[in-house]
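Protein chains in written order, with the numbering used here: chain S, 11 to 292; chain E, 636 to 958.
None of the hints are false.
Taking CB as the label site, the calculated pair distances span:
(1) S:Ser131 / E:His882: 39 to 45 Å
(2) E:Gly732 / S:Trp90: 34 to 40 Å
(3) S:Cys260 / E:Gly664: 45 to 51 Å
(4) E:Ala948 / S:Ser125: 55 to 61 Å
(5) E:Gly732 / S:Leu42: 27 to 33 Å
In silico contact screen, one side only, chain E against chain S (beta carbon under 7 Å); selected entries:
(6) Ile733
(7) Arg771
(8) Met799
(9) Ala800
(10) Ala808
(11) Thr811
Calculated Cβ distances over 10 Å to all of chain S for the following chain E residues:
(12) Gln752
(13) Gln785
(14) Arg863
(15) Trp878
(16) Thr919
(17) Ser951
(18) Asp952
No lab work stands behind these hints, which were simulated from the structure alone.
Even glycine gets a Cβ: it sits at the ideal position worked out from N, Cα and C.
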Amino acid sequence: MSTLRSMMGAWSRLRHIHVRWRPWGSRWVLLLALAMVWELVSRLALVDPLLLPPFTGVLSRGWELSLSGRLAGDLLASAWRVLLGFALAALLANPVGIALGLYPAIEDLMSTLLSVLRPLSPPAWIPLAILWFGIGDAPAVFIIFVGTFFSLVIGTLAATKAVDSQLIKVALTMGASRWQSVCHVILPSLLPALITQVRLGLGLAWMCVIAAEMVAVRRGIGFLMIEARNLFRTEDVIVGMITIGLVGLCTDRLLIGVERVLCRWRAGLAPSQLYVRRERSP
Amino acid sequence: MKSSARVFLLAIGLTLMMLTGCTPPQHRGPITIGVRTANDHVPFYVADRQQLYRQRGLDVTVRLVPGNTEIIEALQRGDFQIGAVPVTTAIAAIAQGIPLHIVAMTGRGSDGLLVRQQDGAADVASLRGKKIATIRASILDVLLRYTLEQAGLDPERDVELVYMAKLGDLISALKTYQVDACSNTEPFMTDAERQGWGRILTYYTADWPDHPCCVVVVRDDFARQNPRALRDILAIHCAAVEWSNEHLDETAQVITDYLQTFDPDMVRNSLDRSRMFIDYHLQTEEIERMAGLMVAQGLISSIPPADRLVDLAPLSDVLKNRP
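Using the sequences and the hints given, assemble the complete structure.
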C-alpha cells in the first residue's frame with residue numbers, strides 16, 4: 011500500500027513538473043524544429059549554403075569567435091553603448107512624456123516637433139552625429155539615444171493619459187498637493203507601463219546598434235556584422251544576429267522578473283488571469 | 636494532435652516558406668549588370684547611353700547600385716549576372732566560395748589619401764600618430780595599409796585607423812577636423828581639392844603603379860550557359876573603354892549625368908591620366924598580388940587558386956577576334 015502511495019506521489023510530482031515546464035518545452039520545440047529544418051535544407055542543398063550556411067556551421071563559427079574572445083569583447087562594447095544610450099533616453103524621455111501627458115498645452119506645443127523627428131531612422135542621424143560628437147563612442151551612443159528617445163516619449167505620454175483620473179481627483183480632494191499626486195498616484199499607476207516601455211525600448215536600442223556602429227568604432231556586434239558583410243562571411247553575420255537575439259531574450263526575461271517584483275500589487279489582475287479564473291470557477 | 640507536434644509542423648511550414656525565397660533562379664531572359672556610381676564604371680554607362688547592347692541584339696539592363704556588397708549579394712542571388720566591383724570585394728567574395736570569376740578590368744588607380752589644405756601632412760610618413768578614416772575591408776583600406784607600410788608606418792600602432800561606412804562619411808569627418816586624413820577615391824578627391832579645403836596627399840599608384848581598382852565579375856553559371864552573350868558584353872566593354880579614353884570630355888559628361896552630383900569640368904579633371912585610367916586589360920598576377928595583400932592583412936585566410944579567381948579566356952577570345 012505504501013509503495014502504491016509513494017508511486018502516486020512520484021507521478022503527481024512528475025505531472026506538476028510537466029505542467030509547470032510545458033510552455034518552456036513548446037518554445038524550445040519550436041526553436042529546435044526551426045534549427046533542424048534550417049540544417050536540413052542547407053545540408054541537402056535545397057538552398058545554396060552560401061546564401062544560408064548550415065545551422066551547425068553557424069554554431070561552430072560562433073564557438074570559434076567565443077574562444078578567440080572576439081565575441082565577448084564585441085558584445086561588451088555594444089552592451090555598454092546600448093545601456094548608456096538607452097539610460098540617457100529613458101532618463102529624459104519619461105519626465106518629458108509625463109509632463110506632456112499632464113499638461114495639454116505643452117503637448118500641443120511639442121506634438122508637431124515629435125511627429126517630425128520620430129520617423130527619422132537612426133542611420134539618418136549619422137552625418138549629424140559625426141559633426142556634433144566627433145568620432146568614437148559618443149556618436150554611437152547618440153544614435154542609440156535618438157533611436158529610442160521619441161518612442162519612449164510617445165509611450166510614456168500615452169500611459170500618462172491613460173491613468174485613471176478618478177484616482178487623481180480622490181487624491182487632490184483628500185488634500186494631496188500636485189507633486190504628491192504625481193508621486194503617490196500617477197507614478198505608481200505608470201510603473202507597469204514604464205517597465206513595458208523599458209522592455210520595448212531596450213529591444214529598440216539593440217535594433218539601433220548596427221546603425222550606431224557604422225560610425226567610427228572598432229569593436230561591437232554591429233561592427234562585427236558590418237565587417238563580416240563586407241567580407242561575405244555569412245556565418246559571422248548570423249552569429250551576430252543570434253547574439254543580439256539572445257541578449258534581447260535575457261534582458262527581456264530579467265525585466266519581466268523585475269516587473270513581477272515591483273508590481274506585485276497587480277498579481278491576479280492581468281486580464282488573461284481573470285479570464286482563466288472565471289473559466290475555472292464553478 | 637499534440638500541441639508540440641502542431642508547433643513542429645508549423646515551424647517546418649514557415650521555414651520552407653521563408654527559404655523558398657533564398658534559392659537563386661535559373662537565368663532566363665534579360666541580363667542585368669550591377670554597377671556603382673564611380674568614375675571607372677563609366678564604360679557601362681557609355682554602353683547603356685549609346686545603346687551598344689541593343690545594337691548587338693542583347694537585352695541588357697545596367698542597374699546603378701549604391702554599394703559594392705549589394706552588387707555581390709545580388710549576383711549571389713542571381714538577380715544580376717554581371718557586376719563591376721572593386722577588386723578586393725571580388726576577391727573576398729570568391730574566397731568565400733561565391734561562384735564568380737573576374738573576367739576584365741574597368742579601371743586602374745583613382746584611390747588615394749586626402750588631407751586638409753591648410754594643416755594637412757606633408758607626406759605619408761608624417762601621418763605618424765594621426766587619425767586616418769577608411770572603410771574596413773574595402774580596397775581603400777587594403778591600399779591605405781599597404782601605402783602606410785611602404786612609408787615605414789605600422790597601420791595598427793603608428794596611426795589610428797577610424798572605420799566608417801560610406802565615402803561621404805569619410806569626407807565629412809576630414810572636413811570637420813574629426814580625422815587628419817582619409818582614404819578616398821575619384822572624383823571625390825578632385826572635388827575636395829576644387830572646393831578648396833582638401834589636398835590629395837598621394838595616390839596609391841605611387842607605391843603600386845596602375846594598381847587594379849574595379850573589375851568585371853560574372854556568375855559562373857551564366858558564363859557557362861551563355862558564353863556568346865558574355866563575349867558580346869566584353870566586346871562592348873572593350874569598345875566603351877576605348878571610346879571613354881578617346882573622348883574624355885564626353886565621358887565626363889556621361890559620368891555627371893549618371894552620378895547627378897558633380898560638374899563636368901571637375902569630373903574631367905579627375906579623369907586625368909595622372910589620377911586614374913579606364914582599362915579592360917587583366918593579368919592574373921596583379922589579382923593574386925592584391926589577394927596576397929588581403930591575406931597579409933587578415934581579410935582572407937589564403938589566396939584562392941588562380942583558376943578560381945580569374946577567367947581570362949572570354950576576354951582573350953574577344954581581343955583575338957577584334958578587327
